[in-house]
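Enquirer: Using the hints, position chain B against chain A.
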Amino acid sequence: MNIEEVTRNTKILIDNTPMAVETVEFVKPGKGRAIYKFRLRNLFSGNVLDITYHSGDKVEETTVTVHEMQYLYKEGDNYIFMDNSSFEQMPMTEAQTGVKAGYLKEGTPVVVMMWEDRPIDLQLPKIVELKVVEASASLKGATITAQMKEGKLETGITIGVPAFIKDGDIIKVDTRTGTYIERVGSK
Amino acid sequence: MNLDESRRLASIKSKLEYRARTLAGIRAFFTEEDFLEIDTPIRVPAVAPEQFIAAYTSEGWFLSTSPELQMKRLLAAGYRRIFQIARCFRKDERGRHHNPEFTMLEWYRAGADYNQIIADTENLVLFLAGKNGLGRQLSYQGHKIDLSPPWPRITVREAYIHQAGWDPFIHFDGQRFDDDMVDKIIPSFPVSRPVVIMDYPPQCAALARLKAGHPAAAERAEIFLAGLEIANIYSELTDPAEQVRRFKEEMKIILEAGRPSTWPQKFIEAVPQMPPCGGIALGIDRLVMLFSDTASIDEVMAFPSDLL
Chain A
1 MNIEEVTRNT
11 KILIDNTPMA
21 VETVEFVKPG
31 KGRAIYKFRL
41 RNLFSGNVLD
51 ITYHSGDKVE
61 ETTVTVHEMQ
71 YLYKEGDNYI
81 FMDNSSFEQM
91 PMTEAQTGVK
101 AGYLKEGTPV
111 VVMMWEDRPI
121 DLQLPKIVEL
131 KVVEASASLK
141 GATITAQMKE
151 GKLETGITIG
161 VPAFIKDGDI
171 IKVDTRTGTY
181 IERVGSK
Chain B
1 MNLDESRRLA
11 SIKSKLEYRA
21 RTLAGIRAFF
31 TEEDFLEIDT
41 PIRVPAVAPE
51 QFIAAYTSEG
61 WFLSTSPELQ
71 MKRLLAAGYR
81 RIFQIARCFR
91 KDERGRHHNP
101 EFTMLEWYRA
111 GADYNQIIAD
121 TENLVLFLAG
131 KNGLGRQLSY
141 QGHKIDLSPP
151 WPRITVREAY
161 IHQAGWDPFI
171 HFDGQRFDDD
181 MVDKIIPSFP
191 VSRPVVIMDY
201 PPQCAALARL
211 KAGHPAAAER
221 AEIFLAGLEI
231 ANIYSELTDP
241 AEQVRRFKEE
251 MKIILEAGRP
261 STWPQKFIEA
271 VPQMPPCGGI
281 ALGIDRLVML
291 FSDTASIDEV
301 MAFPSDLL
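Sequences listed follow chains A and B, in order. Numbered per the working numbering, the first sequence spans residues 1 to 187. Numbered per the working numbering, the second sequence spans residues 1 to 308.
By construction, these hints were calculated from the structure, which means they are not laboratory data. Where a beta carbon is used, it is the ideal one built from N, C-alpha and C, also for glycine. Some clues are possibly wrong.
Unchecked claim - Mimicking DSBU-like on lysine-lysine, the simulated pairs with C-alpha atoms at most 35 angstroms apart in a straight line are: (1) B:K184 <-> A:K58; (2) B:K252 <-> A:K11; (3) A:K126 <-> A:K152; (4) A:K11 <-> B:K91; (5) A:K31 <-> A:K100; (6) A:K58 <-> B:K91; (7) A:K58 <-> B:K252.
Stated by the list, open to error - So, partial list: chain A residues that the calculated Cβ filter (under 10 angstroms) puts toward chain B: (8) K28; (9) G30; (10) K31; (11) R33; (12) A95; (13) R118; (14) P119; (15) E150.
So that you can see chain A by itself, here it is in the shape it has in the complex (with noise of 0.2 angstroms):
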């Protein structure tokens, strides 16, 4: 694509790699040629990097796509999703979810990024609901404040509870932070 149609949000192929285009600044001094300072992301790695572009250059755009799915189980290493509409299962590695896979239970919705056939990013819910498995009764670690304890959930991550949480309590967690927002029921 000619680089005068690049926007915010464009992909781009840059070395077989794809780029999200984060900002585009557009100056022209004078009678010269126009100048795009882009800052894109690497949407493998997230790093950014800083490129400029004249007029008259091109870029190679691509298509990430973006799918609806639901975590179904984890099956060795890989974690194995569901595509609401072709219901076709795709698996991603430890590698690909990151932390994101310590919120993930049988059933949570979740959105992936795909670019040519490969998970890119996947997003989950704000707030995901939990069952606390082992609230510890002590007061654990320096970086606990006063009020809150350590609390194991289902899905095998540990995170700051309020004291009165006890095993088996069902929380909200803000998937963003990893905090506790509040206990919704008991199991």
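Expert: Relative to chain A, chain B alone:
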């Protein structure tokens, strides 16, 4: 009415007041200076062929990228002092300082050169600052700018030698010239004063005449305030053969790139009658940004192109 739109329009009302005062001030200034206000068409059969300025087409004609060619036909017919506040259109120019439709002030003085036009600009900007209640100093994005004339003048050659480490008059490289202008030259300007950068390499002359000297420089100047480019000034080229040569060169590049361009024959026919003169194109939107301490061009126009 959409709530976001009514909120936005209410929030920029003070900016539009700066705009209105600036437009009224421009008319007052030039009337006082005995200039005639001119009003040339927006839709035209030909625009000046310039490789880095793309025109919108309109049923085989173009939307004006600048009123320059028509203004010069008036000069050729004997008009001595003329100004125009013109809507101009430049395709694909969109950014914090660009909107594809914008408002340009052009004025031309027969018998003058770029030095007199620079002096006009100093006087005009000071006058308009006064009309906007600013006095001799304006404050833009945290910088205090002293508008007292004369503004510092820097030649292109000394700026590139000192700030970019090369002389564009010896080995001209267009892309390097533009990149360094943005990344090295403009950031080196003092922010406490307007800056006039002048005497361009002949390759950047556009419609400016060359002055004698070694190496020959184009009598062209640009004016910057706090890094914002507000105006381009020429001692106008009045040599018909040279004008034809430059336009042919530019037109060839435009046509080879697959873009439309029409030969501006009536302008070319008028060039031999043009008096020696100086002229300028000044971006009114950017001037209003400066007076109203506004970071984005969008906020000094009621309806920027993305919000229409």
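Enquirer: Evaluate each hint against the coordinates.
Expert: Quick rundown of the hints versus the structure:
1. B:K184 <-> A:K58: Satisfied, since the Cα-Cα distance of roughly 25 angstroms is no more than 35 angstroms.
2. B:K252 <-> A:K11: Holds, because 33 angstroms separates the two Cα atoms, which is no more than 35 angstroms.
3. A:K126 <-> A:K152: 19 angstroms, holds
4. A:K11 <-> B:K91: Roughly 23 angstroms separates the two Cα atoms, so the pair holds.
5. A:K31 <-> A:K100: Distance ~50 angstroms between K31 (chain A) and K100 (chain A) Cα, so the pair is violated.
6. A:K58 <-> B:K91: This hinted pair holds, its Cα atoms lying about 17 angstroms apart.
7. A:K58 <-> B:K252: 21 angstroms, holds
8. K28: Interface hint status for K28 (chain A): holds (6 angstroms vs cutoff 10 angstroms).
9. G30: Holds, about 5 angstroms.
10. K31: Holds - the Cβ of K31 (chain A) comes within 10 angstroms of chain B, reaching about 5 angstroms at its closest.
11. R33: Holds, because the Cβ-Cβ distance from R33 (chain A) to chain B comes to roughly 5 angstroms (cut-off 10 angstroms).
12. A95: 38 angstroms, violated
13. R118: Since the shortest Cβ distance to chain B is 33 angstroms, the answer is violated.
14. P119: 33 angstroms, violated
15. E150: This hint is violated: E150 (chain A) lies away from chain B, its Cβ roughly 45 angstroms from the closest one there, beyond 10 angstroms.
Of the hints listed earlier, those the structure fails to meet are numbers 5, 12, 13, 14 and 15, in rising order.
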